[in-house]
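Here the structure of chain V is known, so what remains is to put chain C in place on it, guided by the hints.
Here are the chains, one letter per residue:
Number of protein chains: 2
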Amino acid sequence: MHYADRLHAAVRTKGNPCLVGLDPHPASIPAEFAAVHDAGASRAEKARAIGDFLCQVVELVADRAPAVKPQSAFFELYGADGVAAWERVVGAARAAGLVVIGDVKRGDIGSTAAAYAAAFLGGEPGADAATRCDAVTINPYLGTDSVRPFLDACEVNEAGLYVLVRTSNPSSAEFQATGEPPLARRVAAAVEAWGAELVGEGGWSDVGAVVGATHPEELAELRRLLPRTPFLLPGFGAQGAGAADVAAGFGEDGLGAIVNSSRGILYAYERRSETNWRDATRAALDEMAEQLAHAIAARH
Amino acid sequence: MHYADRLHAAVRTKGNPCLVGLDPHPASIPAEFAAVHDAGASRAEKARAIGDFLCQVVELVADRAPAVKPQSAFFELYGADGVAAWERVVGAARAAGLVVIGDVKRGDIGSTAAAYAAAFLGGEPGADAATRCDAVTINPYLGTDSVRPFLDACEVNEAGLYVLVRTSNPSSAEFQATGEPPLARRVAAAVEAWGAELVGEGGWSDVGAVVGATHPEELAELRRLLPRTPFLLPGFGAQGAGAADVAAGFGEDGLGAIVNSSRGILYAYERRSETNWRDATRAALDEMAEQLAHAIAARH
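Sequence lines, in order, name chains V and C. Just so we're aligned: 1081 in the working numbering is position 266 of the first sequence, and the numbers increase by one with no gaps anywhere. Just so we're aligned: 1035 in the working numbering is position 220 of the second sequence, and the numbers increase by one with no gaps anywhere.
With the rest of the complex left out, here is chain V:
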């Protein structure tokens, strides 16, 4: 089954398009995962504590959210120990039935891109398929031949991609919004073209675009221009975008977008009144799901 169809089946089952970002910022991890905060702990102990925390998050959200997005940087921070934790968290999320989007933002020339595609989407020699991701984020700067190995891997492994188009950070306009037409618009057109060969039963492609929810007008315009490209929308919550901002990213069928929140869910305990982090995380996720349901319904 196409990635897009699997993802949308999960969105329908869970009743919301929430993507829980697994960004283990060391400073924010609850105190009970003590090794992370212990200057005397070894790298392996710190990485294990992060894996423990995120495996518990996976358990907490598995019945509520369709998908999770581990952020590779915070694992790579602990070197080989961190990557072992990544594999454990990815494996736990897949075993729990969650769609796993590896936020790796890789991009390189052909033969190297093929190695990255194999590493994250399947095909790595001697590895356990249980730790593959369902989809990854990639960077388009190098052009089509850097994307091709990922497209091929998607076809073989029923996997998906999200190509950076218009990111959510303050500097994103610097290169992405310049040129005529602007770079992000040209990349967007390429994404729709790359995805033409990988369209699922529901009419959505396996090749998606990352579009910051912090740019609601561009988001609406891109939704019109890219009718079959699913969006991954970062920027909700901590980065300032609200449910109404992201609503424009969804298609007429109420699908075609997933909305990421990382700190807003994982570290909800830092700002909410619940007495423990688990309750705060669940409540924050439920609240986000409800806000999105209202906003999407209000639009259609």
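Calculated directly from the structure, the hints in this document are not laboratory data. Positions of the beta carbon are idealized from the N, C-alpha and C atoms, including for glycine. Some clues are possibly wrong.
[What the hints assert, rightly or not] Quick partial rundown of chain C residues pointing at chain V, CB under 8 Å, derived from the structure: (1) 840; (2) 892; (3) 961; (4) 985; (5) 993; (6) 994; (7) 995.
[What the hints assert, rightly or not] Covered stretches of chain V, going by a simulated chain C footprint (3 or more residues, C-beta under 8 Å): (8) 875-889; (9) 920-933; (10) 949-960; (11) 986-993.
Positioned in the frame of chain V, the structure of chain C alone reads:
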């Protein structure tokens, strides 16, 4: 000491600007590293064999080349085992006095970029500083705030960066050569600006640019436009660029560029007459050094 000064001291000591790319393509690794080619070997065994091979390469080139560039993708292919091999190879290269440029091409929003910068350039909690890189490659698509954490890490750790500007692959023009001025030109100007705060004693910045030697005219133009930005020039050898093509990337002082060859050195045994891979690798490196010396001398 600034990264740029350390690199140039190594270039002067070794008498050449060769950057040996450590890209462990599984299919090309010499047969004596048997686990790589054994379908029955475990992932850990394969990764260890790749580490063994590259540690031997490091030993072979340490007295001849100033720098090596491990390519992360081919290590990540083996997951946590591969990253353990990466750390071993980086550690061996640094211990041998080689400048190590981690070819990771990362790029992400601020807090995530900070985690990548810490992972590769230093500051990772509980880690061994011996496995840090001297410099890394990064992708500029997300703009200045995605680069800032790397600049800060360079200042603290006396490290360097090479920002993708104009890559060597066939599709590189698709986005990089479009817009007015073209994207690569705008990124190049940003690179020169980012580097202004990190200029070493020799007048060269710690913030470099990746410019494919496969575009010799643009390379000459970028050298004129970016007088203090050092270049990392891929594309020599296997990708088609010759010594004369790269010569335009050097400054008046004969410095300011390093020239990468990966397959041309590592897998020289596949096309040369020497009877073992070690002799072929050494001979290919010596030949490249000589070609570059002639081409750079002919230019000045």
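Evaluation of the provided hints:
no. : hint    : verdict
1   : 840     : holds (7 Å)
2   : 892     : holds (5 Å)
3   : 961     : holds (6 Å)
4   : 985     : holds (5 Å)
5   : 993     : holds (6 Å)
6   : 994     : holds (3 Å)
7   : 995     : holds (7 Å)
8   : 875-889 : holds (count 3)
9   : 920-933 : holds (count 12)
10  : 949-960 : holds (count 7)
11  : 986-993 : holds (count 7)
Of the numbered hints listed earlier, not one is contradicted by the structure.
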